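Since chain A is already given, all that's left is putting chain B on it; use the hints.
Top to bottom, those sequences are chains A and B.
So for the first sequence, numbering that gives the first Met the number 0 puts the first residue at 0; every next one is plus one.
So for the second sequence, numbering that gives the first Met the number 0 puts the first residue at 0; every next one is plus one.
No lab work stands behind these hints, which were simulated from the structure alone.
Treat the numbers as computed from the prediction; the structure is a model and nothing was measured.
Even glycine gets a Cβ: it sits at the ideal position worked out from N, Cα and C.
One or more hints might be untrue.
Cut-off 30 angstroms, straight-line C-alpha distance, at most; resulting in silico cross-link-like pairs (DSSO-like, lysine-lysine) [said to hold, decoys possible]: (1) A/Lys-427 - A/Lys-778; (2) A/Lys-58 - B/Lys-1; (3) A/Lys-120 - B/Lys-21; (4) A/Lys-406 - A/Lys-390; (5) B/Lys-21 - A/Lys-58.
Covered stretches of chain B (chain A as the covering partner; in silico rule of three or more C-beta atoms under 8 angstroms from a C-beta of chain A) [what the hints assert, rightly or not]: (6) 29-39; (7) 44-50; (8) 73-85; (9) 96-104; (10) 116-129; (11) 137-144.
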Amino acid sequence: MKKYSIINTRLQRVDARAKVTGDARYTDDLSMPDMLYGALLQSPLAHARIEKIDTSKAKKLFGVSEVVTAEEAGLVKFGVSPARYDETIFCSDKVRYIGDEIAAVAAVDLETALEAISMIKVDYEELPPLLDAFDAIREGAPAIHDDFPNNIGAEVHQEFGDVEEAFKTCDYVRTDKFINKKQDGAFLEPQSCVAVYDFNGNLTLYTSTQSPHYVQRTLAMVLGLPIGKVRVIKPYVGGGFGPKAAANTLELAACLLSIRTGRPVKMTFTREQVFWHSRARHQFFHELTTGVKKDGTLVALKNTCYLDGGAYSSFGIATIYYAGSLLGAPYKLPNMKYDGYRIYTNKPANGAQRGHGGVAARAAWEQQLDIIAGELGMDPVDFRLKNIMQKGDVTCNDFNMSSLGMKECLEAVKNDSGWTKKKGKLPKGKGIGVACGFFVSGAGFPIYRSETFHATAMIKVSEDGGTVNLYTASAEIGQGSDTILTQIAAEALGVRYDDVRISSGDTDFGIDLGAYSSRQTLMSGHAVKQAAENVKQQILEVLSGKLKIPIQDMDIKGGVIIFKKGKVDFSGLRANYIKEHRGWTDPPAGDYLTFTEAARIAYLEKGVVVGGGAYKPGELGGKYKGAAVGTSPAYGCSAQVVEVTVDMETGKVTVDNMTDAHDCGFAINRTNVEGQMQGSLSMGLGEALFEEIKFDNKGRVINPTFGEYRIPTSLDMPNVKTIIIESDEPNGPFGAKEVGEGAIMPTIPAILNAIYDAAGVRISELPVTSERVFMALKKNKK
Amino acid sequence: MKKLITLTINKRSYELAVAPNKTLAQVLREELNLPGTKIGCGIGDCGACTVILDGRTVNSCLVLAVQANGSEITTIEGVAEGQNLHPVQQAFVDHGAIQCGFCTPGMVLSAKNLLDRNPRPTESQIREALSGNLCRCTGYQKIVEAVRAASGAAKK
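Chain A extracted, bound-state conformation (with noise of 0.2 angstroms):
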């Protein structure tokens, strides 16, 4: 492999010293001059008709500048995809959950705009909340959106080959159901957001967001702006995780706050409100049917699945798809069948989580899978990798596997985890267990329908030749974006990784689609490879002029200029550079000509040293309903070999060792991949043992806390032996692709399949609590 100074290596991150120090600003850590505090009056009842709302006393208590409704915020709908934009900034006739939002109030402090709130008084007609999605199915169910009266807010049926022949043709075929529950994303940073709306019409929104350009476009169709006259920043942000990659009510209402005072306005979720909020994992209701020849082939998979969506379609139209298309590979898969159904029901709406509608399938299917290999006497590392796709294969439902390091994954796995010393030879109460996964490197298309390019980048050289400034809209929100698009500029430019300073997240640097769908690195990594290139070769042109020397002779490496066909005497230009620094420290010298004497000469010869670049996926497979989700211009993979430890008496499980393998595509930064690789895994623990949004009877969260709803604590993971896979994707800038969300596919079901391989029981119900491996084994020993 080709050898690379600045990326594949184990570089600081950029912002590690400011994160490390408190230094970081994040959104809520903002404060503008005459700023007010925003709070959310949000409905105490699940479902209910708003027979009126009376605000008067609230306006009235001092210290409050304005208060506003749906009346004042009008009933544009909005929502993640046009084609099922359902929300309004207010409820105006019914609420439908829990924390669905009514008013907001402006006011000089929180206490006083809190003490407004609870001053607004909200005549109901409550109705019937319909918690369960299959109660909301029922025939003569009340409908949640008058425009879905039997609530299945969105349908998708899929066939690719013909399953029910396929089934025919099998020696064994079997039917599993599996269930997971509504997770949060429990990023540790709450929503937040200040609007800053000024005297010549320019709306300003800092934001905690996974997508500026999304909230920039929502906010300019919901308050009816010109787009040019709203910029949307993104300061730091406490992690997101799929749940920020869409615009909120919090931000339209401290905007519409902010235009109708002309103040700045800050509003701030509690942990309660983020739980409120939601937008998180679904939950997946699946039945899967698996056929298989005898020697273990596999021919045919149908798959059902009902999705829990909550109040509003959020992200969910593509989650509804995601929860088919990410089956098949990376197995070898003809024929595959999916009819997917997403419910509307009164709780907090669900959207996107790392792994994308994907995660609930994949651990049904590979637990089912190692059934299988179980019925046909398979070692479930054989059975896996007899079925295995490799590079250049395609899928069923047209994914290009244009890289595919799936079938090394496995193998390095299962020779680091000792699998072959280990399974099925380990005590009574210890177990192992495999499984494989893959995800997209971007989504194929943006969520609204458009020939808009998805990430620009700039990159502009300073005056003095110093410093490579690289401006783009891309969203670091904790994965490590500044990091990646900076060693690549710096690598494509040939400078060192301290001359690049990016500037990043703010919708005037360009486009970028944001954080979300594990896109970054793949998509803004090429606009931002680009723009380094299209300086490069300005610099080298104005060099090239100057010295004679055609441009091909010459490059850029390391921080110098290189003259591939030996000396040059550039001492012309040399001399030219100190003149114009006179005074200044650190004089040039030395063999080389430096990169900043080379842009100080391209600046005094051309003015402005700009150079863009701009990506958009090529023509991608798929021409079917539903293509759009699930095609990318690359896909990641895993393999993961899980121990743990069961509890025979109390049916308590240990984690112990978790060895993980991914395809990359090509590491720009070892270090941030693991770590996506080892957060990725801790999530995928927490949704395996315990997390698990609780309802009482009224719809309402009840363990909206961390000290309820637990996640993995540093008592809970083990350390993980992490080995990354490179396998050179010709789609992606350096040969890069994803790690971010394909990583925790295999999490969930090699834990159920080491549960198994200990304590000899099946558990399709998630979270796999204490007592839900009791009562399995309870039911075991009868």
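Frame of chain A; chain B shown alone:
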């Protein structure tokens, strides 16, 4: 009615009039302009607001500012000396222990406090000491590695 209190924060003394219902976290962030202390939950579950108060780590969202009267407090802003990072901070930077960074100030203070009390902790002691600080990004592994590395550096 506001109360007059004295706090020593990062070796600097402050005299303040604070409302009796204000938490230490609120006063640090809103009144003293020290926003490095983060509020992730406001009820003592997540540890993002961890500060060192008279030698012990506390969730500053669970301490009323008036309760801290007369105390000596270290926040994240007081850990580095000028441009020189504390060994724990340097280790976090070097070992990739940071992702979104929202838990990082609290993590650093919990780790620093551990090493101040126990310069050579075992891995399980490190994990125990950090168990009150939630992190959703890293899976904790690189944080634990950083603290272990810092314990070696601190000894030198």
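Hints versus structure:
no.	hint	in the structure
1	A/Lys-427 - A/Lys-778	17 angstroms, holds
2	A/Lys-58 - B/Lys-1	27 angstroms, holds
3	A/Lys-120 - B/Lys-21	28 angstroms, holds
4	A/Lys-406 - A/Lys-390	10 angstroms, holds
5	B/Lys-21 - A/Lys-58	26 angstroms, holds
6	29-39	holds (count 7)
7	44-50	holds (count 3)
8	73-85	holds (count 6)
9	96-104	holds (count 8)
10	116-129	holds (count 4)
11	137-144	holds (count 7)
When held up to the earlier numbered hints, the structure conflicts with none and fits them all.
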